[in-house]
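Engineer: Read off the chains here:
Protein chains: 2
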Amino acid sequence: MKAFLECVPCVLNQVVEVIQRQALSLDRKESILKSVMAELQKQPISKLSPPELTQQAHKILHKFIAKEDFYKEIKEQTNREALELFPRLEKIVKNAKDPLLTSMKLAIAGNVIDYGPAHRMDVMQTIDRVLKAELKSDHYKKFIKSLRNAKKVLYVADNAGEIVFDKLLIQQLLDRGIAVVVAVKSKPILNDVTMPDAKAAGLDQMGVNIIKSGSETAGTMFEDTASEFKKIFNEADLVIAKGQGNFETLKRDPGVFFLLMVKCPHLALASGLKAGDMVLWNKAAK
Amino acid sequence: MKAFLECVPCVLNQVVEVIQRQALSLDRKESILKSVMAELQKQPISKLSPPELTQQAHKILHKFIAKEDFYKEIKEQTNREALELFPRLEKIVKNAKDPLLTSMKLAIAGNVIDYGPAHRMDVMQTIDRVLKAELKSDHYKKFIKSLRNAKKVLYVADNAGEIVFDKLLIQQLLDRGIAVVVAVKSKPILNDVTMPDAKAAGLDQMGVNIIKSGSETAGTMFEDTASEFKKIFNEADLVIAKGQGNFETLKRDPGVFFLLMVKCPHLALASGLKAGDMVLWNKAAK
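Residue numbers (my numbering), protein chains in the order written: chain A, 1 to 286; chain B, 1 to 286.
Any given hint could be a false lead.
[Stated by the list, open to error] With a cut-off of at most 27 Å between alpha-carbon atoms, the simulated DSSO-like pairs for lysine-lysine come out as follows: (1) Lys42/A - Lys42/B; (2) Lys263/B - Lys34/A; (3) Lys59/B - Lys212/B.
Calculated directly from the structure, the hints in this document are not laboratory data.
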């Protein structure tokens, strides 16, 4: 999917948010923002995917701000908070009529996790909303059918915090004797989950194989991925891809199931979805 | 008040919104957006007021888009819709215990009017909310006291649509035998009210004097205003200034009463207000 012009102010919003968290003078901050704008002017905006646009902006931030991971503390915090919530989430799945469906809904709810003072309430409200919501039945039927004889699933993760919610769905897969490979980002980008974040979430204690996708964008551009990722992507019986960034970038093969909260009204409009929708989406489903 | 770095993506959002409404190719649109970004890079962002930043961006838009008023149809529509609502608003004021206070609250509610499919509901919800809300009593007391012996009021208007709501408060002033001068923008900028918009709202049939402020920004930079505006500003017993743009730019003299809906979280933070607050604000009040 290609970036909308509306992605430019959105990316700059994220850029300003990162800049404002740095201990720099206002002049310095303004100058960094201007350097990012200068870079975006050079980019073929409408020919890039939204995560590539973000990546170009962040490359400039990294030139001026000597931090490898702008979201380290935020990711640690959201992981911690999600882990605190985890026993309650496990109970919800355990007591559910359809634990697989419920764990999937909660994995989508996790996609709404964002940092900031308002997020605690949002998470609980979102959990409540997603449990009451219906996923499109044909997409879920396709998922169940694909899962029936599956031996290997590739799970393409999205954000820190969210990854704790993902454990519920991953556990459901493992309980069915399915081998799960979880792909995380190779380098920090936004609040996307990297190897240390996945470990902090306890993913390494679940008996899954965690790999780096090779992607350094807040999505997964297939051509940029590591050969190991490509191999597993092609071998896997099905792929679960989390979040909007992956929906915007990853190949929409019939074996790929996207799980996301639609956060952007422009993406929504272009995809026939609604902003705020919690979606299980598969190309082959109606 | 000086612009925040956060104003940059916000201004670019407005710019993209204008660009997208034009019948131009995607390439052309992208190129115009990039020209605006190039211009903003040249500006001393943190030394300008937010309306000045918008003005600089719009100057570039006008270079590439041959329209004098980017919001003409939108302003006509919001004026029409507010006029449809007007008899109901008049009835609310007529039946109110304190018609002056109620008309003031409705003038603030009008400040939330924005175009877009969701706005109808917003307006009715906002009216309901503002009527139930309390204005800070000390500011209202100061207003009443200033009004007591006032013979001449300068009313600095904000948006089209909103101007219809303003008529309620203006009528309250006229009913008290006060002469009212309404200042509108000299040139189209965003959806701010200009002379034709004021006339379309029926302001010219109220027995008020309508003047052009001289300001070409979405606020009122005193130094840029017409000499007639300056004279009336200094002569008037009190000044009522509507909306966030005026709050960001106009002199905060003790005789100036700002009426606004706080729309920006950064402005809110800097002013000790809350985003969403409906405010009557005066420098001399507690």
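Engineer: For the pair we were handed, Lys263/B and Lys34/A, check the Cα-Cα distance against 27 Å.
Structural biologist: Holds, because 25 Å separates the two Cα atoms, which is no more than 27 Å.
Engineer: Would you check the hint for Lys59/B and Lys212/B, treating anything up to 27 Å between C-alpha atoms as holding?
Structural biologist: holds, 20 Å
Engineer: Please work out if Lys42/A and Lys42/B have their alpha carbons no farther apart than 27 Å.
Structural biologist: holds, 16 Å
Going through the hint list in order, the structure satisfies each hint without exception.
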